[in-house]
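Enquirer: Listed below, chain by chain, are the residues.
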Amino acid sequence: MSIPYIMDNATSFAAPRTEPAGQRILVLGLGNDILCDDAIGLRVVREVRRRLRPDEEIEVEETEEMGLCLLDYISGYRGLVLVDSIQRGTLPAGEIHEIRADDLRTLSYSAPHFLGIGETLALGRELGLPMPDMIRILAIEVEEPHLLSTEMTPPLQRALPDLVQRVLTTARGLAEQR
Amino acid sequence: MEQAVKDVFNQGAARANAAYQMGRRRFTVEPITRLEGHGKIDIFLDDKGDVERAYMQVPELRGFEVFSIGRPAEDMPQITSRICGVCPTAHHMASVKCLDDLYKVEPTSPGRKIRELVYNGFLFEDHALHVFVLGGPDFIVGPEAPPAERNIVGVIGKVGLEAGKRVITMRRRVRELTAYFGGKVVHPVLGLPGGVSKPLDPADLPKFKQLAKDAVEFAEWTVDVLKKIVLGNPEYVKMITSDAYTHKTCYMGMVDEQNRLNFYDGKLRVVDCNGKEICKFTPHEYRDYVAEHVEPWSYMKFTFLKPRGWMDFVEGPDTSVYSVAPLARLNAADGLGTPKAQAALEEFFKALGGKPVHHTLANHLARAIEMIFAAERMEQLVNDPEITSPDVRRIPTSVPKEGIGVVEAPRGTLFHHYQTDERGLITMANLIVATQNNAARIAMSVERAAKGLIKGGKVTEGLLNKVEMAFRAYDPCLGCATHSLPGHLPLSVNIYDRDRTLVRRLEQP
Numbered sequence: 016m017s018i019p020y021i022m023d024n025a026t027s028f029a030a031p032r033t034e035p036a037g038q039r040i041l042v043l044g045l046g047n048d049i050l051c052d053d054a055i056g057l058r059v060v061r062e063v064r065r066r067l068r069p070d071e072e073i074e075v076e077e078t079e080e081m082g083l084c085l086l087d088y089i090s091g092y093r094g095l096v097l098v099d100s101i102q103r104g105t106l107p108a109g110e111i112h113e114i115r116a117d118d119l120r121t122l123s124y125s126a127p128h129f130l131g132i133g134e135t136l137a138l139g140r141e142l143g144l145p146m147p148d149m150i151r152i153l154a155i156e157v158e159e160p161h162l163l164s165t166e167m168t169p170p171l172q173r174a175l176p177d178l179v180q181r182v183l184t185t186a187r188g189l190a191e192q193r
Numbered sequence: 003m004e005q006a007v008k009d010v011f012n013q014g015a016a017r018a019n020a021a022y023q024m025g026r027r028r029f030t031v032e033p034i035t036r037l038e039g040h041g042k043i044d045i046f047l048d049d050k051g052d053v054e055r056a057y058m059q060v061p062e063l064r065g066f067e068v069f070s071i072g073r074p075a076e077d078m079p080q081i082t083s084r085i086c087g088v089c090p091t092a093h094h095m096a097s098v099k100c101l102d103d104l105y106k107v108e109p110t111s112p113g114r115k116i117r118e119l120v121y122n123g124f125l126f127e128d129h130a131l132h133v134f135v136l137g138g139p140d141f142i143v144g145p146e147a148p149p150a151e152r153n154i155v156g157v158i159g160k161v162g163l164e165a166g167k168r169v170i171t172m173r174r175r176v177r178e179l180t181a182y183f184g185g186k187v188v189h190p191v192l193g194l195p196g197g198v199s200k201p202l203d204p205a206d207l208p209k210f211k212q213l214a215k216d217a218v219e220f221a222e223w224t225v226d227v228l229k230k231i232v233l234g235n236p237e238y239v240k241m242i243t244s245d246a247y248t249h250k251t252c253y254m255g256m257v258d259e260q261n262r263l264n265f266y267d268g269k270l271r272v273v274d275c276n277g278k279e280i281c282k283f284t285p286h287e288y289r290d291y292v293a294e295h296v297e298p299w300s301y302m303k304f305t306f307l308k309p310r311g312w313m314d315f316v317e318g319p320d321t322s323v324y325s326v327a328p329l330a331r332l333n334a335a336d337g338l339g340t341p342k343a344q345a346a347l348e349e350f351f352k353a354l355g356g357k358p359v360h361h362t363l364a365n366h367l368a369r370a371i372e373m374i375f376a377a378e379r380m381e382q383l384v385n386d387p388e389i390t391s392p393d394v395r396r397i398p399t400s401v402p403k404e405g406i407g408v409v410e411a412p413r414g415t416l417f418h419h420y421q422t423d424e425r426g427l428i429t430m431a432n433l434i435v436a437t438q439n440n441a442a443r444i445a446m447s448v449e450r451a452a453k454g455l456i457k458g459g460k461v462t463e464g465l466l467n468k469v470e471m472a473f474r475a476y477d478p479c480l481g482c483a484t485h486s487l488p489g490h491l492p493l494s495v496n497i498y499d500r501d502r503t504l505v506r507r508l509e510q511p
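If you read the sequences in order, they're chains A and B. Following this note's numbering, the numbering of the first sequence begins with 16 at its first residue and continues without gaps. Following this note's numbering, the numbering of the second sequence begins with 3 at its first residue and continues without gaps.
Source of the hints: derived by calculation from the structure; they are not laboratory data. These numbers come from a predicted model, not from an experiment. Treat the hints with caution; some may be incorrect.
To be verified - Facing chain A, from chain B, some residues (calculated, C-beta under 10 Å):
1) ILE81
2) VAL161
3) GLY166
4) LYS167
5) TYR238
6) MET302
Unchecked claim - When the alpha-carbon atoms are kept at most 25 Å apart in a straight line, the in silico SDA-like pairs for lysine to any residue are as follows:
7) B:LYS167 - A:PRO107
8) B:LYS167 - A:GLU141
9) B:LYS303 - A:LEU162
10) B:LYS42 - A:GLU159
11) B:LYS229 - B:ALA165
12) B:LYS230 - B:GLU219
13) B:LYS167 - A:LEU162
14) B:LYS167 - A:MET149
In this text, a Cβ means the ideal position worked out from N, Cα and C, and glycines have one as well.
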């Protein structure tokens, strides 16, 4: 039985940034490496990172964290492309729901545990932190996010190249907007 | 398992399940929809339109044991800390303690102290998040406030912008402590069997001393805020102490030699609803004291006190239902070993009618008191001369076989139990997580809230919020580590009439 070594793709877990990121765009991948399709956000941004040219004003981060901690990642950037998974059942697995930041329940009182992205952005603004003005949220429909596995389901594996391209295009689009 | 064997097994299980359902003549609740990670509560009414039973279901991780088998035991602190994005450090620490036990190696004293320092920092930070961000809307803003204000921005509106910034900054500084030792915040690579991976450089000590000092002050301020806003408001006190949010169950928590609370190590002590000790056991004895009960309507296994046997979801002096988490810990221990936390604890029991306190919503206050305790422990540890010793690890030499590790996670007692072959490859892995230890009492709370709010088929407005408040106090870990948007767990309530026809569905807007 071959067992993939789970630390192969260990993420950087950068410390909260202390200096301003200025004019840069952040591509932030969210997910969990060992929860089957929930890894998609991480897999996509790793590939995006590989494909970026050094002179592009785009940075790539990935994290398994959520909620409030995301403030540390996103504050200071001019633009944000967030890549995450979603399970809504309205699109085939591997397709993207593009969610406008305004459409996220910006403030919800229904969260028993988490602080959603919308709340996090609202909180950052309330606290006077520099929050990105341009936000694109690409939520990838997944098939299986609750099974412990280091391998994604076939539809997600097949979709990976297109997803990478879509994220790259989105991030470059933001970088060009002045 | 071979596929054919698996199929036969599954068919058999399905038949047995169907027979069981028929035998019980109970309505079969559809498996939870995992779309967008909904938590679901099903409420069944009787002839009169009153609540017969209410059930709560949440999505659950699958495949943990299969995933673990065959992997080196040393991977487990990394794997288990990754299964939960909410309390990774708790899993990491329980797992590392399990490895100590597996390899029969006692960590060096400085190694143990560093673990405790990081662990108390984690508890402090996690509790702070809950008090202000997750539970805050219920109490600091208030349960009757308009929905649009019941969120973190509303909390900041109430405690002030400066205080809000203080909350965020304090959390960040404590997280830097974890990152210092663990290399990263969310899934630290800190513990190794026999100790930790990195000593504390004496040059870095002053900043951690300052951090611990500030943490104590911050925690005391937090308790003051809650005291003023919550205990100072007779309406809140009435709600906290109301029957709707009160259950007389047993309580479990980890204690040291003097029966004082310890998050990191010790024996597990259980007291009954009168505060009398029922049992005290070592992690190795847990299977003699904790057993799991299965209900047909839930994936969740409900733990109960094994010596008493499963007696259904009942309360009182003889019940086998116990709970964990902050309130349970304060009830189960004889006290806290640090002066400021002890003073706050005494005041807490005095304000709520003596020990033990059975009011679920008092968990929020108990959490704040534990913040003082965690901060004071940090202060004790950073002022311990041994904390900068380079002797942080003892190399294990034994052949591994079986290990059990237990810690008090923010949400309650967490058990890790592994068996390996002689090469240290996992052959069995079992976890009992905090929310499982609380599951029976959470189910009781949800049902109680439903019974109080639905009479004669009439649903009182605000049902959803009141039910949510009941389980939010436990801070149950429902969401596992999936991040799927929208980033929080929406809850839906389905109400069925006596014919089991869906008559109403409530969801948060």
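Enquirer: Taking the hints in turn, state whether each one holds.
Expert: Status of the hints after comparison with the structure:
1. For ILE81 (chain B), the interface hint holds, since its Cβ comes within 10 Å of a Cβ in chain A; the closest pair sits about 6 Å apart.
2. Taken as an interface hint, VAL161 (chain B) does not check out: its beta carbon lies about 12 Å from the nearest beta carbon of chain A, beyond 10 Å.
3. The closest approach between the C-beta of GLY166 (chain B) and any C-beta of chain A is roughly 6 Å, which is under the 10 Å cut-off, so the hint is satisfied.
4. Taken as an interface hint, LYS167 (chain B) checks out: its beta carbon lies about 6 Å from the nearest beta carbon of chain A, inside 10 Å.
5. Annotation: interface hint on TYR238 (chain B) violated; nearest CB of chain A at approximately 17 Å, more than 10 Å.
6. Checking MET302 (chain B) against chain A by beta carbon gives a least distance of about 14 Å; that is not within 10 Å, so the hint is violated.
7. For a cut-off of 25 Å, the pair hint linking LYS167 (chain B) to PRO107 (chain A) is broken: about 42 Å separates their Cα positions.
8. Distance hint between LYS167 (chain B) and GLU141 (chain A) is fulfilled; the C-alpha atoms sit about 10 Å from each other, no more than 25 Å.
9. Of the supplied pair hints, the one linking LYS303 (chain B) and LEU162 (chain A) holds, its CA atoms being roughly 18 Å apart against a limit of 25 Å.
10. The hinted pair formed by LYS42 (chain B) and GLU159 (chain A) meets the criterion: a straight-line CA distance of about 19 Å does not exceed 25 Å.
11. Using a Cα cut-off of 25 Å, the hinted pair LYS229 (chain B) and ALA165 (chain B) holds, with the two alpha carbons roughly 16 Å apart.
12. The hinted pair formed by LYS230 (chain B) and GLU219 (chain B) meets the criterion: a straight-line CA distance of about 17 Å does not exceed 25 Å.
13. With a C-alpha separation of about 38 Å, the suggested pairing of LYS167 (chain B) with LEU162 (chain A) is violated against the 25 Å cut-off.
14. A hinted pair counts as satisfied when its Cα atoms are at most 25 Å apart, and LYS167 (chain B) with MET149 (chain A) qualifies at roughly 24 Å.
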